[in-house]
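Enquirer: Let the sequences and hints guide you as you build the complete structure.
Residue numbers (this note's numbering), protein chains in the order written: chain R, 1 to 242; chain C, 243 to 474; chain U, 475 to 706.
These aren't lab readings, by the way, just hints derived from the structure by calculation. Among the hints, a few may not be true.
The calculated DMTMM-like cross-link candidates involving lysine to aspartate or glutamate, where the alpha carbons are at most 25 Å apart (straight line), are [unchecked claim]: (1) U/K538 - R/D103; (2) C/K313 - U/D638; (3) C/K313 - R/D111; (4) R/K97 - C/D378; (5) U/K538 - R/E241.
Chain C is faced by these chain R residues, among others (derived, beta-carbon under 8 Å) [stated by the list, open to error]: (6) P217; (7) Y224; (8) V235.
The beta carbon of each residue, even a glycine, is placed where N, CA and C say it ideally should be.
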Amino acid sequence: MVIKATKMKPIIANRSQPSGNFTEAVSAVVWKDLRAEFRSRELFSAMLVFSLLIILIFNFALELDIKTRQSVTAGVLWSTFAFAGTLGLNRSMAIEKDRGCLDGLLLAPVDRSAIYFGKVISNLAFMLIVETIVLPVYSVLYNVNLFQPGLLLVILLGSIGYVAVGTLLAAMSVQTRTRDILLPILLFPVVIPVLLAAVKASSGFLTGADFADILLPINLLIAYDIIFIAVAFMVFDNVVEE
Amino acid sequence: MQPKPLALKILDIVSIIVLVTSAYLALVFAPTELVMGDVQRIFYFHIGTAWTALLGFILAAVFSVIYLITKDLKWDRFQVAAIEVSLVFFLITIVLGSIWARPVWNTWWTWDPRLTTAAITELIYVAYFMLRQGIDDPDRRARFGAVYALIGGLSAPITFFAIRLFRTIHPVVISGSNPEAEGSFSMTADMRVAFFFALFAFTVIFIDLFWNRIRLGSLQDTVEQLKLKVSM
Amino acid sequence: MITVKKLVKRFGLKTILRGVDFEVQPGEFVALLGPNGAGKTTFLRILASLSRPSVGEVNIAGYKLPHEAAQVRARLGVVSHLPLLYGDLTAEENLRFYARMYNIPKYELRVTEILDMVGLEARRRDLVRTFSRGMQQRLAIGRAVLHDPDVILFDEPYTGLDQDASSMLDEVLKTVASKGRTVVMTSHDLVHAEDLATRFDILSRGIISASASRKELRRTNLLTFYRQALAG
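Expert: Right, here's the structure in full:
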């Protein structure tokens with residue numbers, strides 16, 4: 001085996017250019033997460049199977065007969081997403097922590113928030129993919145039409161809020177001794193507004209309620225998303241640096 | 243070993259005095275309420291502890307921001323003190339609320355916005371301490387604590403408004419929230435005296451406990467330092 | 475190239491580095507030796523901008539840490555004892571990812587160049603988790619020089635490598651260090667340090683307790699120098 005001292009191209013061409021790097025770094029992180037996940041599919045299959053199991057448990061735990069189904073569908077769906085979501089968040093951060101890759105990301109001459117946004121987008125992507133599969137399964141199992149654009153909008157907004165806060169908290173919990181177990185404990189109390197509003201709005205769409213009633217929770221979701229993405233963006237440095 | 247400052251010793255005594263006075267005012271001086279009877283007297287303490295718990299909550303969020311800006315560990319000590327005191331007072335508030343609810347609405351728990359938010363805030367506090375438990379490095383512990391307290395501090399009020407806006411239908415309780423607002427009882431002058439004094443008394447008690455807790459925190463740090471010196 | 479003045483690093487109440495002074499000229503290869511727990515990794519992490527000094531100044535390539543950290547990072551390459559590579563990506567995907575993170579223009583050619591240099595061209599499309607430790611370490615070095623840094627930091631690079639892999643690493647290190655780059659390498663292994671370094675510094679009990687150039691060491695040998703420095 002030969003190590004060649006190859007003639008390197010002019011040095012300037014290879015130099016790192018720190019400015020204007022933000023979007024490139026964000027998309028690099030997103031692409032990296034998606035690519036790695038499509039290969040191993042560990043995270044994705046775990047989340048999906050877990051979701052289906054939760055729906056199964058709900059079937060036996062709650063009386064999902066035709067009458068009550070109407071009122072609990074939104075709740076069952078969002079409970080499922082909330083629990084399965086923690087798996088994805090945990091795993092996504094654990095990958096970075098375990099092989100020291102977080103250091104690799106921090107060594108790059110780019111703003112720390114680029115790492116945050118990259119992670120949020122890829123976590124969101126995983127969550128949305130799982131949700132896209134759970135919806136038709138639920139529809140089939142319980143003969144409910146879940147394919148309404150309003151509902152899909154709520155799921156998108158709710159997932160954004162969940163993932164925005166979840167990514168930040170996962171970045172913290174993965175650095176503690178208690179790791180995985182800690183994330184749900186940190187996340188759930190803080191993400192209750194999302195659950196409340198999302199269930200209310202989802203229910204509204206499913207039962208055909210007044211638009212005025214649905215608008216309020218949707219506004220809350222949007223407000224929550226904006227506030228917490230802004231806050232997380234500002235404090236993320238403190239969570240990853242030493 | 244710094245001795246307890248005189249001001250703090252005086253405050254300790256003052257706190258006990260105001261607590262006893264407030265108890266007298268609430269239990270003896272104030273008139274019995276027409277509809278609910280004597281159990282209404284809990285209200286004075288309930289509001290007192292709720293107010294102090296809220297004060298601690300707001301202070302904790304403010305300390306978060308200050309710590310994140312200055313990175314001075316003393317703000318972290320302040321924050322831990324504020325959250326601990328607030329945690330205890332929210333617990334008392336919830337228990338008192340429960341005791342009040344039983345005879346009045348025939349239920350131990352009402353899912354009204356304030357009580358529910360108090361319970362959720364308790365869980366946030368517990369999570370806060372569990373987070374800190376799992377970290378050895380004091381700087382990281384302070385940073386993570388501050389970040390989480392900030393997130394929690396923003397989320398809890400939003401939760402409160404969300405519950406108020408959305409949870410309109412609930413089978414158990416019809417009017418769970420602020421009785422003053424709904425006028426389920428109006429206060430006489432005497433009651434007002436007891437009420438405002440309770441607020442004052444509990445504020446004094448809060449400051450006393452808060453100050454004591456901060457002092458305890460710095461004593462703990464001193465002990466850690468001494469331990470380290472000895473072990474070297 | 476690297477200037478460190480009175481660097482102190484505390485973790486809470488423990489002081490790991492107690493006023494380190496350290497200077498490296500461009501092109502030097504410094505082997506930083508010392509017993510386990512001396513603070514070598516802590517020191518290197520501060521140089522790598524992954525950790526902040528409690529007190530003191532650090533200057534690398536004319537930029538100050540921590541304020542001008544981004545500029546420093548652009549000129550710094552780091553090889554740790556952890557691979558810093560993604561197991562589920564191929565060798566070339568890993569390099570491409572880092573090339574994008576470092577914002578290297580037109581990186582395809584550069585990626586091929588690096589793979590060639592570390593002898594992994596043939597396995598560029600294989601997943602990194604199928605690589606042996608030695609191969610991962612070589613790829614990690616490739617990753618570290620992708621953006622053509624002026625300074626390279628190695629933290630115990632020989633950890634966990636067998637004889638063959640160590641020899642290969644020697645070769646790669648020689649190539650990488652030869653282009654006038656400044657290198658700082660920590661090691662508790664004196665053997666490898668001996669061949670490559672131009673200067674040997676000993677970090678012990680939180681400060682640099684001794685320093686000798688390669689010329690000075692011709693008279694004694696490295697082991698004696700090391701033992702003397704630790705005893706003193």
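Enquirer: Hint by hint, say whether it matches the structure.
Expert: Results for each hint:
1. U/K538 - R/D103: holds (20 Å)
2. C/K313 - U/D638: Status violated; Cα separation ~48 Å.
3. C/K313 - R/D111: The given pair, whose Cα atoms are some 20 Å apart, holds under the 25 Å limit.
4. R/K97 - C/D378: Holds, at roughly 17 Å.
5. U/K538 - R/E241: Holds: U/K538 and R/E241 sit about 17 Å apart, inside 25 Å.
6. P217: holds (6 Å)
7. Y224: Nearest chain C Cβ about 6 Å off; hint holds.
8. V235: With Cβ-Cβ at 5 Å, under 8 Å, it holds.
Checked against the numbered hints given earlier, the structure breaks only hint 2 and satisfies all the rest.
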